[in-house]
Amino acid sequence: MAIDKSMNVLIVDDYKTMLRIIRNLLKQIEFNNVEEASDGAEALSKLRTGNFGLVISDWNMAPMTGLQLLQEVRADGRLKQTPFIMITAESKTENVVAAKAAGVSNYIVKPFNAETLKDKIEKVLGHA
Amino acid sequence: MPDSFEGKDILLSERLAEIRARRPATEPEIFTEVVRAVLTAMSENLTVHDTALLLEVEELGRTIANAKIEIAALKVDDINGCHIPFATDELDAIVAHTASATDAILESCETLDIVAGTVSGEAADKLQEATTRIYEACSFQDITGQRITKVVGTLKTIEDKVARIIATFGPKTAGLPTPPPVELTREEELLNGPQLPQQAMGQSDIDKLMASFD
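Protein chains in written order, with my numbering: chain A, 1 to 128; chain W, 1001 to 1214.
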């Protein structure tokens, strides 16, 4: 299944540096329509007013965490099918289990490399 | 109570009343003095076992008094007033400096990416490969930032513990109630931050776990 790389991608992280890194890595794999949010609440607001084909989010943010954002997305009738990748330093089994239970599409542990990011995006969008 | 105890009992009561009048607050020295007074008053009626036990209690009181002196010598106020704030400021400075350095590296890397777009063939591929590696490496700033946040949290805990020691042994803050233990929500329990390398699950472990749900 061909991946539409012109889709809007929302990246969510409270570290500006990480947003910049992910944006640049996405650009290198030809995803050029990238928007940023610095926490879950801002991301949810952008998701509800925009049209995004993929969300890539950190977990550990305040006031709304990545997990809470995921739960909100999955509970929203219009957004619930949006592919959602968690990129986080939270690497305990219970975290992965909680994310999966909340409906995460894939899970990347930090520090990650470009190949892993590309691979997970292809897997998620290939199944979308 | 047998008749033979009555005289000593009155004597002990008077002695305790005298101590209470002199120093109403409970102090380890007073505790020791009370035990000694009890021992003196009752020594003729105690078994060997009782005497040994009371001597141990007296020793415990002396140990507490010595600990108080040693803690005072440590200047615990300096720990909360000076050392911990200094350490947290230093850690904040590390985060700020690494963020600034990472931004500069990323800016240069983005310039290289633009240059890569103006060339073609093997040179373009090599340039992009190099910038990709730089982007990946720069994510250290996020990880170190989270680790430092955890260390700052630990320092705050130490600060609280020191404050409790001061409250217990220091006259100014004596008698403060102990705060109840902090109850974490399920969400908070899941926020552990980066694991140390030897404890962390790698991406392949995460992949296996994710696959196990399918």
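These aren't lab readings, by the way, just hints derived from the structure by calculation.
Please note: incorrect hints may appear among the correct ones.
As the list claims (entries may be wrong) - Rough simulated footprint, nothing fancy, chain W against chain A, three-plus residues with beta-carbon under 8 angstroms:
no., segment
1, 23 to 29
2, 37 to 50
3, 54 to 68
4, 91 to 105
Glycine included, each C-beta is placed from N, C-alpha and C at the ideal position.
Evaluation of the provided hints:
1. A stretch counts as covered by a chain when three or more of its residues have a beta carbon under 8 angstroms from one of that chain; for the segment 23 to 29 of chain A and chain W the count is 4, and the coverage holds.
2. Here the segment 37 to 50 of chain A counts 0 residues with a CB under 8 angstroms from a CB of chain W, which misses the bar of 3, and the coverage is violated.
3. With 5 residues having a beta carbon nearer than 8 angstroms to a beta carbon of chain W, the segment 54 to 68 of chain A meets the requirement of three or more and the stated coverage holds.
4. Remark: the segment 91 to 105 of chain A is confirmed as covered by chain W, as 9 of its residues place a Cβ nearer than 8 angstroms to a Cβ of that chain, reaching the required three.
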